[in-house]
Amino acid sequence: MPRRLPVALLSLVLLPLAALLPTSPSGAAGTKPPADRVPLPVLSEPPAGLQGHPLWDSWHELEPFGYTEQEWFVSGTATAADGSTAPYTTRVIVTRPQKRKDFNGSVMLDWVNVTAQFENAVDSLEGREELLRSGWAFVHVSAQAAGVCCIPLTPKVWDPVRYAALDHPGDAYADDMYLQIARALRTRRVGDVRPMGPLKVRRVVAAGQSQSAGRLAGIVRAHPDGAGVIDGFLVHGGLAGLDYEPRLEVPVMQLNSDWAESTGEADDDPLYRLWDVAGSAHAGLFIGYQQVFGSGPRVAGLPAMDEQGYRDTIEAAGDYGQMQVNPLYAVCTAAGASFPMRYAVNTALRELDEWIRTGQAPRPAPRFEFEADGETPARDADGNVLGGLRLPPIEVPVATYRSTDCQLGGITVPFDPITLQQRYPTFADYERQLRKATDRAVRRGWLLPVDARDQMRRACAVEDRYPGSSDECRSYRPPRFGG
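By UniProt numbering, the letter at position 298 of the sequence shown is numbered 298, and the numbering carries on one by one without gaps.
One or more of the hints may lead you astray.
To be verified - Using C-beta positions, here's what the derived DEER-type ranges look like:
#1 G374 - K101: 49 to 57 Å
#2 L302 - S470: 37 to 45 Å
#3 T68 - D312: 20 to 28 Å
To be verified - No more than 20 Å apart at the CA atoms, straight line, and that leaves these computed lysine to aspartate or glutamate pairs for DMTMM-like:
#4 K99 - E61
#5 K101 - D57
#6 K156 - E71
#7 K156 - D57
#8 K200 - D171
#9 K101 - E69
#10 K436 - D405
#11 K200 - D102
#12 K436 - E463
#13 K156 - D171
#14 K200 - E69
#15 K101 - E354
By construction, these hints were calculated from the structure, which means they are not laboratory data.
All values derive from a computational prediction rather than experimental measurement.
Note that the Cβ used here is the ideal one computed from N, Cα and C, for glycine as well.
Using the sequences and the hints, build the whole thing.
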């Protein structure tokens, strides 16, 4: 079972995270050579060091999923926007399928967030279920200086022996370092190193959340073709709708939460999609729970969780507000609101990969709605935002998702028993309405069928909020995705 901490201690552990949770493609991915302007760096294996494993490696065992993990040091000379150059040595952690047959050909490069002065691989955590079940490789990229050098918890502090060689010249060089890493990971052999083992990389997707999303947006503007080494971008949160000039040459998928609502019109570039995900917070419970009960113990020296520990932790982290009482709902920035933003991230990953492979763009989604002043987000009588991409918990709510309260974290406020039973007199009424909303989200191409089943399974817990209910929680079969 996941290790549970007192709420007060949880707040102390996670409080620093408040600052964080900040036409067709031009050609088939993997067929265009890397641009000459992106140098190929040198890769080497780090020493064992004091801790015996990388900082921020996977908090659970990977063998049950057919995966393996390897840290590499990356060294080269990077160029800043002003033309100055500097040598660097940073690191990546490659998490990948062990066997070629289990690899889908795509690598997600997670530009990890460092706003809290330590590394937070948001998209690797948020999208972990989809990454593992669909055969992605995903890479923790230490692109920025704050994630390498300094206090409170960075590699050189945590294991000064293992990470003595790391040398980051400053964030002015981070973009070029990231592009060089992208080139290295799509190269079968870099010197004597095979960074992806036996796997042949066909697509590289750049991903980053909050501050990292802003850095990726800068790369998109400077290199609308992905510099020949990136095939698509997942720009996740922290920014309003973006305008890209010149026109894009590779797909860009952007996800926004309530926190980053924008009155601007969506960009009309055919290679750009913006999804405003109604109800979602900048920093959600699904991320915070994994950090406290997964990454935290791992960093403190405990072994990686076994498969059952992983599944128990994901089960607890995936709460969407369906329970009447959960102390984590009120921990504010420490835990984050319980809306399942991960469902949107999972769909975005699947759809972006399809877009790159086939040229078939994801379905568009409505923008958030605003009051008459054009600036204040419109909310319904429950306090939930109107408009946007609407997943089942916001269409058929059992809670208010106060996603813009408590700075970036938000809180979840379950409906009281009277409100719940006025809205849905019986559990069967709730289940029936949620089933219809779930079907709609799947048909619109916003919710993967596997996540739709997860949503309906979790909804069974709402029956506990109806004392004496004899309604049965029925099995669920999703409709055709995008049908």
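Now for the hints, and whether the structure bears them out:
1. The hinted range of 49 to 57 Å is satisfied by G374 and K101, whose Cβ atoms lie roughly 53 Å apart.
2. A hinted range of 37 to 45 Å for the beta carbons of L302 and S470 is consistent with their spacing of about 43 Å.
3. Checked against the hint of 20 to 28 Å, the C-beta distance between T68 and D312 comes to roughly 23 Å, which is consistent with it.
4. Our distance criterion of 20 Å between C-alpha atoms is met by K99 and E61, whose separation comes to about 17 Å.
5. With a C-alpha separation of about 24 Å, the suggested pair K101 and D57 falls outside the 20 Å cut-off, and the hint is violated.
6. For the suggested pair K156 and E71, the alpha carbons sit about 15 Å apart, so the restraint of at most 20 Å is met.
7. Straight-line distance between C-alpha atoms of K156 and D57 comes to about 15 Å, which keeps the hinted pair within the 20 Å bound.
8. A threshold of 20 Å between alpha carbons decides the hint, and for K200 with D171 the separation of about 30 Å lies outside it, so the pair is violated.
9. Restraint check for K101 and E69: satisfied, since their Cα atoms lie roughly 17 Å apart, inside the 20 Å limit.
10. Restraint check for K436 and D405: the C-alpha separation of about 30 Å exceeds 20 Å, so the hint is violated.
11. Distance restraint check for K200 and D102: the Cα-Cα separation of roughly 12 Å lies within the 20 Å cut-off, and the hinted pair is therefore satisfied.
12. The suggested pairing of K436 with E463 holds, with an alpha-carbon distance near 18 Å, which does not exceed 20 Å.
13. Taken as a hint, the K156 and D171 pair is honoured in the structure, with Cα atoms around 17 Å apart against an allowance of 20 Å.
14. Distance check on the hinted pair: K200 and E69 sit about 16 Å apart at the alpha-carbon level, within 20 Å; holds.
15. Between K101 and E354 the alpha-carbon distance is near 18 Å, which keeps this suggested pair within the 20 Å criterion.
When each numbered hint is compared with the structure, violations occur for hints 5, 8 and 10.
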